[in-house]
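Residue numbers (the working numbering), protein chains in the order written: chain A, 1 to 501; chain B, 1 to 501.
Worth flagging that the hints you see were computed from the coordinates, not collected in a lab. Please note that a few of the clues may not be correct.
Since copy identity is lost for identical chains, a pair holds within one copy or between any two.
Computed cross-link-like contacts, EDC-like style, restricted to lysine to aspartate or glutamate with a CA-CA straight-line distance of at most 20 Å [as the list claims (entries may be wrong)]:
(1) Lys482 / Asp215
(2) Lys167 / Glu392
(3) Lys329 / Glu339
(4) Lys482 / Asp220
(5) Lys330 / Glu363
(6) Lys283 / Glu161
(7) Lys410 / Glu302
(8) Lys330 / Glu342
(9) Lys364 / Glu302
(10) Lys329 / Glu358
(11) Lys167 / Glu273
(12) Lys364 / Asp352
(13) Lys167 / Glu281
Keep in mind it's a predicted model, so treat the numbers as computed, not measured.
There are 2 protein chains.
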Amino acid sequence: MLNKLLLSIRVPRRLLGGINRYLHEIPLSKDRYGIKRAPFSSITDKDIQHFQNILPVQNQILLGPEETTGYNRDYFRYVRGLGTIVLKPRTTNEVSAILGHCNKRRLAVSIFGGNTGVCGGSIPVFDEIIVSMELMNRIEAIDEYSGILVCQSGCVLEQLEEQLSAKRMIMPLDLGSKGSCQLGGNLATNAGGIRLMRYGNLHGSVLGLEAVIADGTVIDLMSNFKKDNTGYHLKRMFIGSEGTLGVITRVAIACPTATTTQNVLFLGMESYEAVLRTFLESKIRLGEILTSCELIDRVSLEVTVEYLKHAAPIGNFPFYMLLETTGNKKEHDDEKVREFLEFAIGRGIVADGVLACEPSKVEKLWQLRERIPAATYSNNFCLTYDLSLPLERFYDIVPAMRERVGHLVKVVCGFGHIGDSNIHLNIAGDVLTNEVQQLVDPFVYEFSRKLNGSVSAEHGIGLLKPKYLSYSKSAEAIALMKQLKVMMDPKAILNPYKVLV
Amino acid sequence: MLNKLLLSIRVPRRLLGGINRYLHEIPLSKDRYGIKRAPFSSITDKDIQHFQNILPVQNQILLGPEETTGYNRDYFRYVRGLGTIVLKPRTTNEVSAILGHCNKRRLAVSIFGGNTGVCGGSIPVFDEIIVSMELMNRIEAIDEYSGILVCQSGCVLEQLEEQLSAKRMIMPLDLGSKGSCQLGGNLATNAGGIRLMRYGNLHGSVLGLEAVIADGTVIDLMSNFKKDNTGYHLKRMFIGSEGTLGVITRVAIACPTATTTQNVLFLGMESYEAVLRTFLESKIRLGEILTSCELIDRVSLEVTVEYLKHAAPIGNFPFYMLLETTGNKKEHDDEKVREFLEFAIGRGIVADGVLACEPSKVEKLWQLRERIPAATYSNNFCLTYDLSLPLERFYDIVPAMRERVGHLVKVVCGFGHIGDSNIHLNIAGDVLTNEVQQLVDPFVYEFSRKLNGSVSAEHGIGLLKPKYLSYSKSAEAIALMKQLKVMMDPKAILNPYKVLV
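Just chain A, same shape as in the assembly:
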């Protein structure tokens, strides 16, 4: 119910400004999203005094509805929290002192990063104490020799990217939300993004981290080394655990050397078979310079072209692909790209295409992929799904969904990171009826389960998807996750109601 309700919150959004102040007046005894408040303590004046001792600098504590509103709603307005206090630690020791007190008093805690998550993982459900990491934004070291960045977890991704560029390095991940998202949140959700195909996932690039567990103990797992096999790899537990096992406070991450060339190809194909063939040939022929490989279906392009008021770059095809190469020597890259295109067009795999290497033209082509979500969200409602599916059946979910609800909605489109087997399915229109809801969900999850897919490729579970976890994970695995949670956080104070229920 929760997911259906919240993913269709477009109309109420206009009202949200008006209900800010009332949210704080919702009684905590009332169920929210069908969830009862767990028996946590409520914050007292004595607790606030204690926090004032821990956090002595002005503006480290926010109190009251006006000041805390921004921390009680997510960017997409899917969820609203009832938190009444925001704490902003600057150091690991301050985080440790906060959690130590909360654990002793059994006060629930919600961890707030850049607020760009899409599953409600960083917003309180009831009156959890909000711990915002925004002041923990110190860069400790950038080493161009080893290619390693060490920083606090509240650093914003784009600012890290800027600092790295002076040393000819880049972050191993790039996200649409880079202007706001924080590295700690990226780790907590194991964020993916458009560079993953080239530079791998965060489990590969994160070399070390420091985290504070529920009882306030600081677990120092910092390491500046690509190789460190001394005991269990505990840092992995925190990556992707969405703040429910500990608060990540510092990070050491391996950063690739910057590239200096860029080519973007926008290609049209007549069939999904041709899409797959193009992907395979691009891996073989573009090899080490292939950075991104994205799929866009005809409907996705149509709604985005209309939304952006751009002309389509090529004629009409059922499928389009956006390929990006980056490298270090322009003539070499250009030649590889040209030969790939000659091959793919010559063999009839690619029907038509354009190529860009100037930044403004590259940007314009990328917009046709990156703005698909915005274009579909501009409808009154938009249901969005983030699935990993086997490539041979990757696109089947889209025609299957069109057959079910195509006559009842305006848009059913599929797009995404085909290079990572990750498809986004968006269903948008004017009015989200019960009929549509019931035709879509749980069909999407069942479809994914039949193919052993993942019901959350890169968005995580958060508040919105715990009930779908069993579609991707076995009962034994979920039982072990719950054991781990109890071991790490026996009073369950960290990000309650999230991930596991």
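Chain A is fixed; fit chain B onto it per the hints.
Frame of chain A, contents of chain B only:
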């Protein structure tokens, strides 16, 4: 004591053939390596009958000193076990049934892979039941589109590489021991190797695994997707846990597209500063085609040239580097390599060098790096250390050690994966005296701790290094590891006496 004793076991090695049968007669009540046998049950005829029911096929059970000898000694002859029974399951269900029974009866278990570990992690200490994974060697799927291999954990690395080549794919890791080592053992020890710099570590490339935990429960964490954020990333716990948390039975791993070109540069430098500079410039100028970057010091080359009876490829320098590039277009790679060399020699960073691209010449240059361990092991004793150290102080351990023991031994040399900040320090000679031992150890570990290094970069902890764990991990982290062990394996039957003590 253990480490000192075992790392210098060269002389007794000659006697080992003769003592095979006597090992089984060593009373279990006797301490081994200073370790007391934990109060596990002893195996009975009834247990053997039970295993015969679980494993019905001939040769799935080995009994007695003759048949089990090979499973009681490691390749390097550092350790000897007293196991009397070897079980060879073919399926996950058989592993589950074995562990279920052992857990119920409190019988200890030792997991045996390709027997190429260097820390004694896969050899029993007392009479642990040996579970050998060699029959679990089925390849389930190789998908060239997604680039994913799915197989049982007992597959041998080199055989996987051969099967992949038909589909223009390669394994993401390459090790000197690839002819024997098994993928499950690679995961259990989080093996590194010479491709890590290019293709990342196993945490990045392993997409899914299946493991059986101590009570026999099968934890299905298989996933064929680069992106899957559904709950805690439990599979990470098993990678690098050296068989102490569960038995890995199946693996899904992302495999890179094969390259078609290869260049190897063997370079000489006058100073360590020039080494660092060469590394940085190679990352910038060779960029995406740089696959390996190895350091060899003068002594390492001298002993290896003598051992191989080869001529040195270039004149005498204090430092040498071996760089490898692999790519997809020979002209492009050759031009990049040539320009890099022109720059590095022109600026006086590199003093001299040779370049090879023919397989036989490439092989000959690689031998100068890969056979350093064999060359140093050919002495009567050889102490070997595997450290990750910060690049700016990476080599300092070698002159420091030469000053301490250079006059007492034949060889003190440093070499290794400078691209991964991983140095190997070997100290070899005729007689390992107490004086040398005391000058070397714990100095090496203290040196590493001062630099926040890792005392085991890629070899793991196993039986030989638990007492050194605290040189790289905090008390809080080790306490959490122990909690995890108790949670996963409350009767401590899996690979006892290893990793944590």
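Problem set entry | Enumerated hints in conflict with the structure, sorted upward | none
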